[in-house]
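S.K.: As you go down the protein sequences, you meet chains A and B in turn.
Numbering of the first sequence is given in the numbering used here, commencing with residue -9 and proceeding in unit increments.
Numbering of the second sequence is given in the numbering used here, commencing with residue -15 and proceeding in unit increments.
Rather than coming from a laboratory, the hints here were simulated on the basis of the structure.
Straight-line distance between alpha carbons at most 25 Å, and here's what the computed DSS-like set of lysine-lysine pairs gives:
#1 B:Lys86 with A:Lys(-1)
#2 B:Lys86 with A:Lys47
#3 B:Lys26 with A:Lys(-1)
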Amino acid sequence: NAGVTQTPKFQVLKTGQSMTLQCAQDMNHNSMYWYRQDPGMGLRLIYYSASEGTTDKGEVPNGYNVSRLNKREFSLRLESAAPSQTSVYFCASSAVGAYEQYFGPGTRLTVT
Amino acid sequence: EDQVTQSPEALRLQEGESSSLNCSYTVSGLRGLFWYRQDPGKGPEFLFTLYSAGEEKEKERLKATLTKKESFLHITAPKPEDSATYLCASNNQAGTALIFGKGTTLSVSS
Chain A
-9 NAGVTQTPKF QVLKTGQSMT LQCAQDMNHN SMYWYRQDPG MGLRLIYYSA SEGTTDKGEV
51 PNGYNVSRLN KREFSLRLES AAPSQTSVYF CASSAVGAYE QYFGPGTRLT VT
Chain B
-15 EDQVTQSPEA LRLQEGESSS LNCSYTVSGL RGLFWYRQDP GKGPEFLFTL YSAGEEKEKE
45 RLKATLTKKE SFLHITAPKP EDSATYLCAS NNQAGTALIF GKGTTLSVSS
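Modelling step: build the complete structure from the supplied sequences, incorporating the hints.
M.R.: This is the structure:
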């Protein structure tokens, strides 16, 4: 039981490049989330998916898009990366009727 | 505005020196108060959920308590391996996501 997995672990992009961060969970959870974590800012929600087929904006959605591919997978896309998107990105999931979320190991992204 | 505030930002303890971390919240309709541990370079690890004032939960040297406005994470006789950043979170008013505090970084020296 791997829990929540994320790929890649590290990525360096140049301004304007695009990329997709992948997330998968094997806990049969309905809800999935994408956060970014910046020094002094804490964890901030980018997008979430309450169930397969639905996605909603969080606190900081600008510059990102998401896809809930199926119940297991939730991807985050940066269409045109900017230095302000340099951050550590975490994916999380939670079960129906439960608010506690379980996190993946993170992707450290640097945009130069 | 829904908000979660943690204090102190950083805490240094000697091994065996007990202390508490504070988390205050201003969320209407609290459905859960959550504590996480985060080690450097890793994702947050779930520790506890507290649902109502007066509730307490324990795990090894950690005990979490909840009042109507605050939660405390008490650390009894800490060891160096307890060094980490401890994050507190509550649900947002809509109940759709978690709001995180900025964390308390605990360092325990032997």
